[in-house]
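Peer 1: Residue-level listing of the chains:
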Amino acid sequence: MEIFNNLLLGFSVALSPFNILMCLIGVLLGTLIGVLPGVGPVATIAMLLPITFNLNPIGALIMLAGIYYGAQYGGSTTAILVNLPGESSSVVTCIDGYQMARRGRAGPALATAALVSFFAGCVATLIVAMFAPPLAEVALKFGPAEYFSLMVLGLVAAVVLAHGSLIKAIAMVVLGLLLGLIGTDVNSGVLRFAFGISELADGIGFVVVAMGMFGIAEIVTNLEQTGQREVFTKKVTHLWPTKEDFRRLIPAALRGTFLGAALGILPGGGALLASFGAYTLEKKVSKYAHEFGQGAIEGVAAPESANNAGAQTSFIPLLTLGIPSNAVMALMIGAMMIQGIAPGPQVMNERPQLFWGMIASMWVGNLMLVILNLPLIGMWIKLLTVPYRLLYPSILLFMGIGVFSLSNNPFDVLIMAFFGLLGYICVKLECEPAPMILGFILGPLMEENLRRAMLLSRGDPLVFFQKPISASFLVAAIVLLAIIAAPNIRKKRSEVFVEET
Amino acid sequence: MRINSEKDFWAGLMFMGFGLAFMLIAIGPPAFLVELGSRAGWKIEYGYQMGTAVRMGPAYFPTLLGGLLAVLGFVVFLRGFMSKLPKAATEVRMSFNVVDLAIGIAVYAVLGWASKRALGNADWGMMGASVVLAVLAFAFRPKAKPLILIIASCMVFAYLLKPLGLVLSSILLVFVAALGGHEYRTKEVAILAVVLAVFSVLVFVKGLTLPFPIWPEFLQ
Amino acid sequence: MRRAIAVVALAATAGAALAQGWPSRPVRLIAPYAAGGPIDISARLLAGKLQASLGQPVVVENRPGAGGNLGVEMVAKSAPDGHTLVIGAIATHAINPTLMGGVPYDPVRDFRHVALMVQVPNVLVVNLDLPAKSVAELIALARQRPGRLDFASGSTGSTGHLAGELFKQMTGTYMVHIPYKGAAPAVLDLVAGRVHLMFDNLASALPNIRADKVRALAVTTKKRSSFLPELPTLDESGLKGFDMTTWWGVMAPARTPDEVVARLNSEILRALEAPEVRERLRAMGSETPAIRTSEEFTAFVAAEGRIYAELVRRSGAKPD
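In the order they appear, the protein sequences are chains V, C and G.
If you read the first sequence in the numbering used here, its first letter stands for residue -4, the second for the next number, and so on.
If you read the second sequence in the numbering used here, its first letter stands for residue -1, the second for the next number, and so on.
If you read the third sequence in the numbering used here, its first letter stands for residue 917, the second for the next number, and so on.
Hints in this document: simulated from the structure, not taken from any laboratory.
Don't be surprised by glycine CBs; every beta carbon is placed ideally from N, CA and C.
One should not assume that every hint holds.
Below, a list of computed lysine to aspartate or glutamate pairs in the DMTMM-like style, where the Cα atoms sit at most 25 Å apart [claimed, not checked]:
1) G:LYS1097 with V:ASP455
2) G:LYS1097 with V:GLU132
3) C:LYS85 with V:GLU425
4) V:LYS377 with C:GLU186
5) G:LYS965 with G:GLU1192
6) V:LYS136 with G:ASP1045
7) C:LYS160 with V:GLU425
8) V:LYS423 with C:GLU4
9) G:LYS993 with C:GLU215
Computed footprint of chain V on chain G; a stretch qualifies when at least three of its residues, placed anywhere within it, have a C-beta under 8 Å from a C-beta of chain V [stated by the list, open to error]:
10) 1064 to 1074
11) 1087 to 1095
12) 1159 to 1166
13) 1190 to 1200
Could you put the whole structure together from the sequences, leaning on the hints where they help?
Peer 2: See the structure below:
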């Protein structure tokens, strides 16, 4: 009953006209920046922080949170329509979402993304409301050893992302890991692979790599082929998923939601793995595994639901422990601090209005987003009929502005161009970028946690097997590797054949 | 030995190249390379501490991964000779070749270095190199025009954004990028450029308050 | 002689003329770190106030990279006309020059140090299960178990790390440094008991101290903190002379005219005294700095540079 009272309190706060307005502004703005490639929620929230100084704390935080999940919605739109992931979470959505769009099914893809995100948001909000304090304890159980083993499992999963050659996918993961190591080494402070360029001291940003590998490479490949965007079915049959689609996407969304919600609780990079993990899981359990990579609707439903569920549950470590799980959450801490709220264990007891108000507003925001996004689908589809010769300079300009604004330095654009070239070469050599991107994200985390775990255990490698959570991840990784390798060895040749013809 | 799959052959070489390069930098390149680099005014940091498995140094992880990538690359490379796929599936249809790539990198390196020597930073050299390559592409490699002009348009935009302001640099980007396409219509591109410039100023500078100048420095 | 005087007079009038027209266009305030961090937030707070009092837009521009050095270097090379300012911090102006084996600017000579904005103490916090209720007990414990205690920090070369190294030197103990990427994951491991202690900055430590998730033993400043007045200082606890704060303030390129610096200094001090600004800076754990004038600030930066050069060298924190 207490939970009921708490939620009632929350909704009474979240549904005040002012807070509804704040939430609406937040999700609108979030959708806008999510759709524009390159400009992410981190930059926007940072820019808006001073404006929130004069708002009341609840309204300010509701608006900022709205920007965060609004951007997630908007980001999947760009991923599906133009194959451009603005967030690490939408890398996976690109794979099948864009293929659906190419087959004239952009409508169902967008609708699926919006609907499963809403569903996942509802479930995750409920989880946050009911289990936040006990789940926070789970976050405390994860130390360097556990994170390292989780990353290993994640990397094995990354290989499944690829639909072509297994060995090339592994090589791309390793290449991504290496590129992720560029910059200052966390443990020793030594500058690695920076060639004396001080701009590289803090490493290469994810957005820069993604814009290059996906955005530029895609534009160049399209222009080279026909000057038109390659085979886009002009005629869009329907906007809504069919009954068959629903039958397939519902179980995928359920699995995605729970996996995402579980991973989102872990502040040290769990949410990063949510969409990747859900996609891998789906590809392994689905009857339609062969359709993955060619526009399988599960390939949109699973990562989108996982990603949104993870985004919501990553508020658990923030609200209960004061630990941010990503850059946006770190900004939320900044926002709370300047409002005079110390984020941490006591927020829930000392400021129940704020705590429950935010949780209720998450649900309200998700509802607004789905209401907002479904009618927009028609408009987005129209965007696909804009001639490509007008579309690509626009995408390029937005990418340029977004990447430049990361550190107001042309150097980032130079790096984007480099990754554009690399991405183009990879496309031509049939090396897929998605596994590389995951390696790139996980590389530094993996090394950091490995070395930290070894430092803490004073050099005893058995620590990874002695801790039960860590050990079970490693076992899972080995099993998964076996599952991937077994059919692949048998089928490899014929599979490649099928893809080429 | 015959190369049966060009794709695997080149992909293998690329992976081996990256793997060995990372390993080499982590362990420390041979002395003559370092010497050569420092003579060109390029202070390469090299040879990080290896440490032990117990207390890993900064070189440990990259060396391990670099070695792994080189081995994987070698396997892919070998597959290039053993592939039994039809030629159509394994042919690399790229708009430039390895020599072109080397020339491109060399142009960037030389102009970047020269501009750093003369002006104190590599910015103008980077932009100049993009322009030089764009001109070369027009003259010799019409097929590579999309790639080179798209990259050039980004570079021109990035390095001119601060001095020229958002309006002029975004118009430039749109024009250069449009030249990389197949159907170039001046009037249409001009309209697009102006519309995008206005949109960017409204959304990014006025709306999201990004700290970009709108107009050129000398007009302020 | 006369000519020299004339030249000086001319230069002075030119400076005054410039200062009178200043600011004639928008002022750029460079924050050499990513948007959203405490330095960025305080810069934006200040910019809002300065904008009103100077009558020109004050635009905060983030120029992150190389531990803050990139943005600072850019300002050091900018025109000294008061239209480009930077937030210089303990990292860029005291620690990095030694830690990174040289930086492309002179932290003292290449700048006019306009005004110190923020000073945040670090707090020595330990895990609740650690059987040490005071600094003396911690030292005893560390002597008892040499090399067995772990201290966490937000990064190699951060004030948290250097405070730990100084602690080790002054007490002659040995503890293992565990660097993290930012303070938050380090705090998580501290609360969970995977590391034993940490010299965390006050703002991030305070909520956990108040919620009894960690135990505070001392502050690193010479004076007690007004946030935790009952908490002793390390100086009181037997480590004579232990005094560390994280600080940052506004700086301008060298040769910025005196008039501009003076005007900026008074406007910044006034902005810092505005209740809404002071309130928010306090929420970041900042005490109002005792240093008021530009000259004092310059002397302070020079002194800090010497202290940390020595500390970094002796601690072996410098990456090779």
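Peer 1: Take a quick look at whether LYS85 (chain C) and GLU425 (chain V) sit within 25 Å of each other, Cα to Cα.
Peer 2: Measuring from Cα to Cα gives roughly 14 Å; hence the hint holds.
Peer 1: Three residues or more, CB to CB closer than 8 Å: is that satisfied between the stretch 1190 to 1200 of chain G and chain V?
Peer 2: holds (count 5)
Peer 1: When you check the alpha-carbon spacing of LYS377 (chain V) and GLU186 (chain C), does it fall within 25 Å?
Peer 2: At roughly 19 Å apart (the allowed maximum being 25 Å), GLU186 (chain C) and LYS377 (chain V) satisfy the hint.
Peer 1: If you draw a straight line from the CA of LYS423 (chain V) to the CA of GLU4 (chain C), is it 25 Å or shorter?
Peer 2: Roughly 10 Å between the alpha carbons, so the hint for LYS423 (chain V) and GLU4 (chain C) holds.
Peer 1: Could you grab the alpha-carbon distance between LYS1097 (chain G) and GLU132 (chain V) and see if it respects the 25 Å cut-off?
Peer 2: Answer holds: LYS1097 (chain G) to GLU132 (chain V) is near 22 Å, not above 25 Å.
Peer 1: LYS160 (chain C) and GLU425 (chain V) were given as a pair; does the straight-line alpha-carbon distance stay at or below 25 Å?
Peer 2: violated, 38 Å
Peer 1: Between LYS136 (chain V) and ASP1045 (chain G), is the straight-line Cα distance small enough, at 25 Å or below?
Peer 2: Between LYS136 (chain V) and ASP1045 (chain G) the Cα gap is close to 16 Å, so the pair holds against 25 Å.
Peer 1: Holds or violated: LYS965 (chain G) and GLU1192 (chain G), Cα atoms, limit 25 Å.
Peer 2: Within the cut-off at roughly 10 Å; holds.
Peer 1: The stretch 1087 to 1095 of chain G covered by chain V? Criterion: 3 or more residues, Cβ-Cβ distance below 8 Å.
Peer 2: Answer holds; 3 residues pass the 8 Å Cβ test.
Peer 1: Do the alpha carbons of LYS993 (chain G) and GLU215 (chain C) lie within 25 Å of each other, as the hint requires?
Peer 2: Cα-Cα ~17 Å, so holds.
Peer 1: Has the given pair, LYS1097 (chain G) with ASP455 (chain V), been kept, meaning a C-alpha gap of at most 25 Å?
Peer 2: OK: LYS1097 (chain G) and ASP455 (chain V) at ~23 Å, within 25 Å.
Peer 1: Count the residues of the stretch 1159 to 1166 of chain G whose CB lies closer than 8 Å to any CB of chain V, then report whether that count reaches three.
Peer 2: violated (count 0)
Going through the hint list in order, the structure does not satisfy hints 7 and 12.
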